[in-house]
Amino acid sequence: MSTEPIPGRDQPFGEYFKALRRNLGPMTMREFCSIHNLDHGNLSKMERGLLPPPRTTEKISVLAVAVGLKPETPEWQDFVDRAYASRGEIPPDLATEEAIVNRLPVLFRSLRGGPVTEEEVRLLMQLIRNS
Amino acid sequence: MSHPRPAARFLSYGDIRASANHLLLTHFGKIQLPVDIELLVEYHLDIEIEFIPNLKASGGADGYLEPSRIAADKAAWSANTNRYRFTLAHELGHRILHPDFLSSAAYRTESEYLAFQRSLLEADLRRYEWQANCFAGNILLPAEPLAEQVREGISVLRPAGHALDLCELHDCERLARWIATQARVSLDVVMRRATEEGHWVSFR
Numbered sequence: 001m002s003t004e005p006i007p008g009r010d011q012p013f014g015e016y017f018k019a020l021r022r023n024l025g026p027m028t029m030r031e032f033c034s035i036h037n038l039d040h041g042n043l044s045k046m047e048r049g050l051l052p053p054p055r056t057t058e059k060i061s062v063l064a065v066a067v068g069l070k071p072e073t074p075e076w077q078d079f080v081d082r083a084y085a086s087r088g089e090i091p092p093d094l095a096t097e098e099a100i101v102n103r104l105p106v107l108f109r110s111l112r113g114g115p116v117t118e119e120e121v122r123l124l125m126q127l128i129r130n131s
Numbered sequence: 001m002s003h004p005r006p007a008a009r010f011l012s013y014g015d016i017r018a019s020a021n022h023l024l025l026t027h028f029g030k031i032q033l034p035v036d037i038e039l040l041v042e043y044h045l046d047i048e049i050e051f052i053p054n055l056k057a058s059g060g061a062d063g064y065l066e067p068s069r070i071a072a073d074k075a076a077w078s079a080n081t082n083r084y085r086f087t088l089a090h091e092l093g094h095r096i097l098h099p100d101f102l103s104s105a106a107y108r109t110e111s112e113y114l115a116f117q118r119s120l121l122e123a124d125l126r127r128y129e130w131q132a133n134c135f136a137g138n139i140l141l142p143a144e145p146l147a148e149q150v151r152e153g154i155s156v157l158r159p160a161g162h163a164l165d166l167c168e169l170h171d172c173e174r175l176a177r178w179i180a181t182q183a184r185v186s187l188d189v190v191m192r193r194a195t196e197e198g199h200w201v202s203f204r
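Protein sequences appear in the order of chains A and B. Each residue of the first sequence is one higher than the one before, counting from 1 in the UniProt record's numbering. Each residue of the second sequence is one higher than the one before, counting from 1 in the UniProt record's numbering.
Worth flagging that the hints you see were computed from the coordinates, not collected in a lab.
Here are the simulated DSBU-like cross-link-like pairs (lysine-lysine), alpha carbons at most 30 Å apart as the crow flies:
{"id": "1", "chain 1": "A", "residue 1": "K45", "chain 2": "A", "residue 2": "K59"}
{"id": "2", "chain 1": "A", "residue 1": "K45", "chain 2": "B", "residue 2": "K74"}
{"id": "3", "chain 1": "B", "residue 1": "K56", "chain 2": "B", "residue 2": "K74"}
{"id": "4", "chain 1": "A", "residue 1": "K59", "chain 2": "B", "residue 2": "K74"}
{"id": "5", "chain 1": "A", "residue 1": "K70", "chain 2": "A", "residue 2": "K59"}
{"id": "6", "chain 1": "B", "residue 1": "K56", "chain 2": "A", "residue 2": "K45"}
{"id": "7", "chain 1": "A", "residue 1": "K70", "chain 2": "A", "residue 2": "K45"}
Keep in mind the model is a prediction, meaning the values are calculated, not measured.
Sequences and hints are given; from them, build the entire structure.
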């Protein structure tokens, strides 16, 4: 069985998911969908980037478990985070943290290359780590 | 929309047979029936299979090939699995044997594909299709497993005291039906392949 390299975080979610699925071993998409009761058409479109990942953590978790990730592990969390990022959304567990949400403009400003103080970055990182 | 018209190059039966065998041995090692064509296409060759609703009903094609994808009629894999399997093998044949065909084609939809097909010279199209059909037959029913099936089928089906007479169409079809079930191909594929491999005479 060949192991495909897992695409980095800057790669589309669909490619990342497909690599994880293919690393399960020789199996067709149809078999995979049948085993996990998933819709072939939707999953195929998601892998090709024609559809975004599911909207809820519950449904994203179903996909994560299907590709063999154990809940609550760093890999599982990374999967969920990538799914939300792919949708252009903040994971709900972070979005409910008022302190983090209040500091998001600092992150946005940083991404746009605007002036951000080291103290602001440190505070934001601390908030995320503690969430 | 105008398309270039690549001339179909000549490929002998032996060339096509060798190409199909090479592909199977590369990816499966030992060839067993039924050949898992879907796994070969999708997993080993990383060619996506996209199911299109009403493809056959609306356009008349069972499937068509795009650079990184095979579009197949959605109803076919459940309603007529053998036909679906043959469609995959046929389109794979185009992919393996006719890279010039693909690179010259700019179609993205089924209607554009049909327009491209119509733009080809009839003789070229016939040759392309024959070659892809030949490849499909060899992928789904390779020579060695076919020979084994013929031997096994004869021993399973031989009526008490009477050997099957492979000069008789009726007996050949009886054996072919048994092989078709094992290999998950149509009766027609078995009849053609067994004739090509010299297991029985041609009845055409």
